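Participant: All chains, full assembly: derive it from the sequences and hints.
The listed protein sequences correspond, in order, to chains A and B.
Residue numbers 1 to 547, in our numbering, belong to the letters of the first sequence in order.
Residue numbers 548 to 700, in our numbering, belong to the letters of the second sequence in order.
In short, the hints are calculated from the structure, not lab data.
This one's a predicted model, so the numbers in the text were calculated from it and none came from an experiment.
Note that beta-carbon positions come from the ideal geometry of N, C-alpha and C, so glycine has one too.
It is possible that some hints are incorrect.
Now the in silico label distances, taken between C-beta atoms and shown as ranges [what the hints assert, rightly or not]:
#1 A:475 / B:571: 19 to 29 angstroms
#2 B:668 / A:242: 52 to 62 angstroms
#3 A:89 / B:668: 25 to 35 angstroms
#4 B:571 / A:139: 38 to 48 angstroms
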Amino acid sequence: MAIRNFLFLGTILVAAMLGSSRADAHAVLLEKSVGDGARLAVAPAEIRLRFNESVTPVLVRVLDAQGHPMTTSDAVSEVDSTVILAMPKALPAGNYVFTYRVISADSHPVGGSFVFGLGDAAPEPGLDGLTAGSSHEMLWTRIASALQAIFYGGLLFAVGGALFQVIIARDDKVPRAERNFMLGAAAVASVAILAAIGVEGALSADVPLTDIVDPDIWRIGLQTSLSANAFVTIAGLAILSVGAIGWAQKFDRAVLLGGGLLAIVGITITGHAASASPAWLSAPVLGLHALCAAYWVGALVPLHRRIWKESVSVAAAQVRLFSSIALIVVAVLVVCGLVLAAVQVREFSALVTTDYGQRLLVKLLLVAVLLGCAAFNKFRFTPRLALGDTRVAMSLRRMIEVELALVVAIIVATALLGETTPPRALQEQAAEHLDMDMSVPGFSVATFAGNRIAVVDVSPARAGNNTLGVSLLDADGSLITPVQVTVFLSNPALGIEPSEHRAVAVSRGRYSVADAGFPTSGRWRVEIEVLVTDFEAANFSTEVPIP
Amino acid sequence: MIARLSLIAMLLIPMAAWAQSAPPTIEIADAWARASVGSTGAVYLTIRNHGTTDDRLETVTTPVADQVQPHIDVDDGKVTRMMPLNAIDAKANSEEVLKPGGIHLMFTGLHGPLKSGTTIPVTLIFAHAGKIDLIVAVEKAGAMGPTQQGSSP
Chain A
1 MAIRNFLFLG TILVAAMLGS SRADAHAVLL EKSVGDGARL AVAPAEIRLR FNESVTPVLV
61 RVLDAQGHPM TTSDAVSEVD STVILAMPKA LPAGNYVFTY RVISADSHPV GGSFVFGLGD
121 AAPEPGLDGL TAGSSHEMLW TRIASALQAI FYGGLLFAVG GALFQVIIAR DDKVPRAERN
181 FMLGAAAVAS VAILAAIGVE GALSADVPLT DIVDPDIWRI GLQTSLSANA FVTIAGLAIL
241 SVGAIGWAQK FDRAVLLGGG LLAIVGITIT GHAASASPAW LSAPVLGLHA LCAAYWVGAL
301 VPLHRRIWKE SVSVAAAQVR LFSSIALIVV AVLVVCGLVL AAVQVREFSA LVTTDYGQRL
361 LVKLLLVAVL LGCAAFNKFR FTPRLALGDT RVAMSLRRMI EVELALVVAI IVATALLGET
421 TPPRALQEQA AEHLDMDMSV PGFSVATFAG NRIAVVDVSP ARAGNNTLGV SLLDADGSLI
481 TPVQVTVFLS NPALGIEPSE HRAVAVSRGR YSVADAGFPT SGRWRVEIEV LVTDFEAANF
541 STEVPIP
Chain B
548 MIARLSLIAM LLIPMAAWAQ SAPPTIEIAD AWARASVGST GAVYLTIRNH GTTDDRLETV
608 TTPVADQVQP HIDVDDGKVT RMMPLNAIDA KANSEEVLKP GGIHLMFTGL HGPLKSGTTI
668 PVTLIFAHAG KIDLIVAVEK AGAMGPTQQG SSP
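Facilitator: The structure is reproduced here in structure tokens:
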């Protein structure tokens, strides 16, 4: 009966979380209104950055050659996916660095910088104020991981304690010691996740340790998706606490269970595991994974106490009930964990070759040891405890202590896993990076003739009809507008003679052949005859691979 | 007979020697990186092709970032657009300078900040010349060029 209830609730949880979906890929800068290394005669009124998605600016400013900020945060505004920095009116001639740091939709900070000069100032070899060591990312990442581990621990013990009371103990009233432990765990988890909001803000803004007292840093943290996660989980833990204390009277067990489930739903809102595509699969599987982990972990502390305090027969009955349900729960836990791992890692080789994979291996190894301990307890100690063997009770308590130590190690390993980007997200970012700029979807190559650069892009770069674009630039990277562009496509290896195509101007400096035919796969030669002016020609020759 | 054989040998030996010890056709010079401010970084360098055949830079890898992709800044007079590139041609007997405002090797997902005064390993893979390992000096965040000129074959 208990098992059936449990599975039923799990199904409801899965159903409730269907449809929560969020793409996980960092924002990418597409355009900037001032080029890197540009020399400007007069200061622009504003500098614009356009990203591939809406972003929240954290720190966008212009620094002078000594690293002093020339703009304040009031000068920063955003319209859709464009961030605008209003420039001060009287900016003296000299060299400047534009630096930006924004938060993308997946709550990850993205930043970069470029240099420009005003007036006749000579190019400077470097800007002293901006020398290295200015990043505090590592420190904040470590603090965030520590808080994450504390949060996971508190959450699992609180929710697991609730599951134990509802499913295994079924007492009228939660024993005082177990109640205090649950309340403590819930409080620790809540404080840790609240602190994590500030740390997330500090991580995004990349400020030194002491700036954590700055209200602006907390405001930035509140804008990240972590805050939604925090508030849902804290609400769940608060409800759970009401049930643990016994304020809900005869509804205590329903309140314990409801609060616990809500707290688990909270952690499926954000993070790498929750946001992996397909989200309809990842978020519920993550929730189920955490719920099963809570059942196991949360039972260890009350069982440890009860084996000592209760009569052997009562304790043995509870251990046996826990153990028989655990068989199914652990199976679900492991299957869910493997599904999440498969989604993130994708390929077996990534387990070894990527940082994420290696950290995951450490976790899996610890889990394997824990499973071994659990199996030993189940098949050796549990039957003997049922026979009333009191000496076995002591051994079982020792084993539970070992299990608890392993659980702490696994929780730390899980928190460290969150520090790294899984191979799955890396692949998606790579794919998005190529897809985002409509002008370069397939294959693009930069080729040269004299001091001219031609960027040749072929889309979709598959056998058949393609669009071939040509952008012509001078050595400074400025687009030039030629008189005429003619493209010849051939495949000497296949004996296919050149076909001639007249490219048409589609936008300033960009020419296109709409019906560039690459009938078969192979390496195709692309020759471009450019009449730069009526008196100057430039001939480019490059290759485009068609897979 | 012997004279004829030695004549053939004399003809063959220089050819064999030429085939074995062909000088490195691709030379990378003045490679440098800018100290990073955010999660992205950029490496600039000069590619010299001393050979008589065209080559092509196809892949760039580094252990210090999640991903490296060549980009070109295209300035149309109003905005600068960044176009990702899959390859950079290295034409026979010519030199291409990758510099700020033009083509650069963009690092995304840096594992840690690129600090001025340090070096980072970068591997370039050319279609014909194959793998070239570089140690790239990191310059200050506002640098527009390398402080030390030099080349690695």
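Participant: So, for every hint listed, does it hold in this structure?
Facilitator: Verification of the hints:
1. The supplied range of 19 to 29 angstroms is met by residue 475 of chain A and residue 571 of chain B, whose beta-carbon atoms lie about 26 angstroms from each other.
2. A hinted range of 52 to 62 angstroms holds for the C-beta pair residue 668 of chain B and residue 242 of chain A, which are about 57 angstroms apart.
3. Between residue 89 of chain A and residue 668 of chain B the beta carbon distance is about 45 angstroms. The supplied range of 25 to 35 angstroms is therefore violated.
4. A beta carbon spacing of about 43 angstroms between residue 571 of chain B and residue 139 of chain A agrees with the range 38 to 48 angstroms that was offered as a hint.
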